[in-house]
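S.K.: Chains A and B, in that order, give the protein sequences.
The first sequence stops at residue 317 when you use my numbering, and every number in between is there.
The second sequence stops at residue 312 when you use my numbering, and every number in between is there.
Calculated from the structure, these hints are not laboratory results.
Watch out, some of these pointers could steer you wrong.
[To be verified] Calculated lysine-lysine pairs in the DSSO-like style (CA-CA distance at most 30 Å, straight line):
1) A:K192 with A:K114
2) B:K101 with A:K114
3) A:K289 with B:K101
4) A:K289 with A:K142
5) B:K2 with B:K151
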Amino acid sequence: MEFLNQTTQYLISGLATGAIYALIGLSFAIIFNSTGIINFAQGEFVMLGGVLTIFSINVLHLPLLVAIAVAVAGTTVVGLVFERTAIRPLKNATPLALIIITIGASILIRGLVMLFWGKDTQALPAFSGNDPISLAGATLLPQHIWIFGVTLLVIAGNRFFFYHTISGKAMRACSFNRRAANLVGISVGRMVLFSFVISAALGSLAGVIIAPLTLTSYDVGIMLGLKGFCAAIMGGMGSGFATVLGGIILGILESLGAGLISSGYKDAIAFFILLLILFIRPQGLFKKGETERV
Amino acid sequence: MKSDHIKFLVFALLVLLAPLPLAGGYLTNVLIFVGINGMLALGLNLLLGYAGQISLGQAAFFGLGAYGSGVLTTLYAMNPWLAMLLVAVCVSIFAFAIGFPVLRLKGHYLAMATLGVGIIVHIAFNETIELTGGPSGLSGIPNLTIGGFSFDSDLKNYYLVWGFALVAILLCLNLVNSRVGRGLRAIHDSEVAARVMGVNARLMKVQVFTLSAFISAIAGSLYCHVMTFISPSSFGFHFSVELLTMVVIGGLGSVYGSFLGAILLTLLPEMLRTFEDYDIIVYGLLLVSMTIYMPGGLVGLPALFRRLLPARGSQHA
Chain A
24 MEFLNQTTQY LISGLATGAI YALIGLSFAI IFNSTGIINF AQGEFVMLGG
74 VLTIFSINVL HLPLLVAIAV AVAGTTVVGL VFERTAIRPL KNATPLALII
124 ITIGASILIR GLVMLFWGKD TQALPAFSGN DPISLAGATL LPQHIWIFGV
174 TLLVIAGNRF FFYHTISGKA MRACSFNRRA ANLVGISVGR MVLFSFVISA
224 ALGSLAGVII APLTLTSYDV GIMLGLKGFC AAIMGGMGSG FATVLGGIIL
274 GILESLGAGL ISSGYKDAIA FFILLLILFI RPQGLFKKGE TERV
Chain B
-4 MKSDHIKFLV FALLVLLAPL PLAGGYLTNV LIFVGINGML ALGLNLLLGY
46 AGQISLGQAA FFGLGAYGSG VLTTLYAMNP WLAMLLVAVC VSIFAFAIGF
96 PVLRLKGHYL AMATLGVGII VHIAFNETIE LTGGPSGLSG IPNLTIGGFS
146 FDSDLKNYYL VWGFALVAIL LCLNLVNSRV GRGLRAIHDS EVAARVMGVN
196 ARLMKVQVFT LSAFISAIAG SLYCHVMTFI SPSSFGFHFS VELLTMVVIG
246 GLGSVYGSFL GAILLTLLPE MLRTFEDYDI IVYGLLLVSM TIYMPGGLVG
296 LPALFRRLLP ARGSQHA
């Protein structure tokens, strides 16, 4: 019974972190699909979400919801500036150059945050208290429910945007074939900018809702970003349900591994899975098609 | 070819004479690390600059070299030279084995996979406490000795490290000017075209990956014997990015450029002590701006000027 309760507990926390990975994975996929770029600075958007929210609450004394809005808007501006200054000037850059640029941008953002807000880890208060809810012998925090709720909303919103609005459809058209999209009058440049904006907003939102559970500091972006990438790879870099599933599987495996095997190797589990999938099924877990990711 | 030999001799002479005006002072110590970092940057440059394959896990090979030598000489009291050789061979075998699946990936996926390898190895350094001492590090590593001669001062270590570095440079110069070097550059330009021309691209990529791991492991062994203390924080993702910055700043595809980058990135933080942790802002700015505006790196500067100056002259005319 003890074991069962523990496992339920691991499942719940795994589901919550998995939802976060899913959101970050989606934000990776959105940029990848419209530009073919894996944005190594994606994790910094996540970090900015958490850090900016704490800053808005503690220093600007804004109420929680406004603070979150400010943080997401702030990160979105960073994403916008990033696209304009570092990505757009290089129209025909090689993947190598883009990797180096996005890595450069990521450590630049990290360094600036460290400069302005220091190296301390900070905690964001939980959105609605810390009274645990008992569920099948395990405890569920109100923050978990927030995470599940926000994730579901984002997935639904994402789906609606990409399938039922003109802009969303235009972005999908760009990801299928940029040239054809351009020929039918879609401004590819604008769609690329859009994708950075949406992706930054998504990433920062993930950073905001996880901050009360895990604490946040200038350097949380690397790990969260990489695990989000792992989720996206598992989902085959699609911006849909597969990535969400990938994130959740990763979150649960990691949580079970940390709880039942060794917590020290928790982060190694994610990277082990990442390598395994890149080696064996680079097209993603659920895709049948043989698309070479080059 | 002849000017190449002269260049190397001038460089070697500079290396030999550099510590004389410093009289064994603090800067000699810094120059030792320039040599080690230069070897590491050279290893990465072979892979990145010549073959066009990125690796964000170089710190792992460096760390494996350092920890391999450190553990074998302290816990098992093995002869340091033997340990260095053994570790370098083992790291090479490891690199060769993971090279095949890793280097099948391209671009962003390759970057992520090497990054993953780097992070897993880094976690292992932290967690295998009985061997590595975990986060608090491994101390009491002996200095290298030959017979009764011990490399126990900065000056002696300087010549030790740079001796190895010069051998590595010579080796790499020969390599990049050979058939293999041309093959690597062909892979960089177009892997498909290279294969059509009869270059065994897959094997060659793995071979150069292995060579860069070998050089990194030797540099790691030297590092641990010079420092006599190592801890996992020196071998993390941050250091891999630092190496990447050295290569990009010095010049992709330039042997001496690797050392130029190493000199800059090793001296810069030493001179700007006030910067301390904020050096990553400088690295970030350098990485982004150099890639956008000066993809040839510092080594490409003369060529850039040559190209720009006549153009400006004709505008005035």
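S.K.: Taking the earlier hints as the rules, which of them does this structure contradict?
M.R.: none
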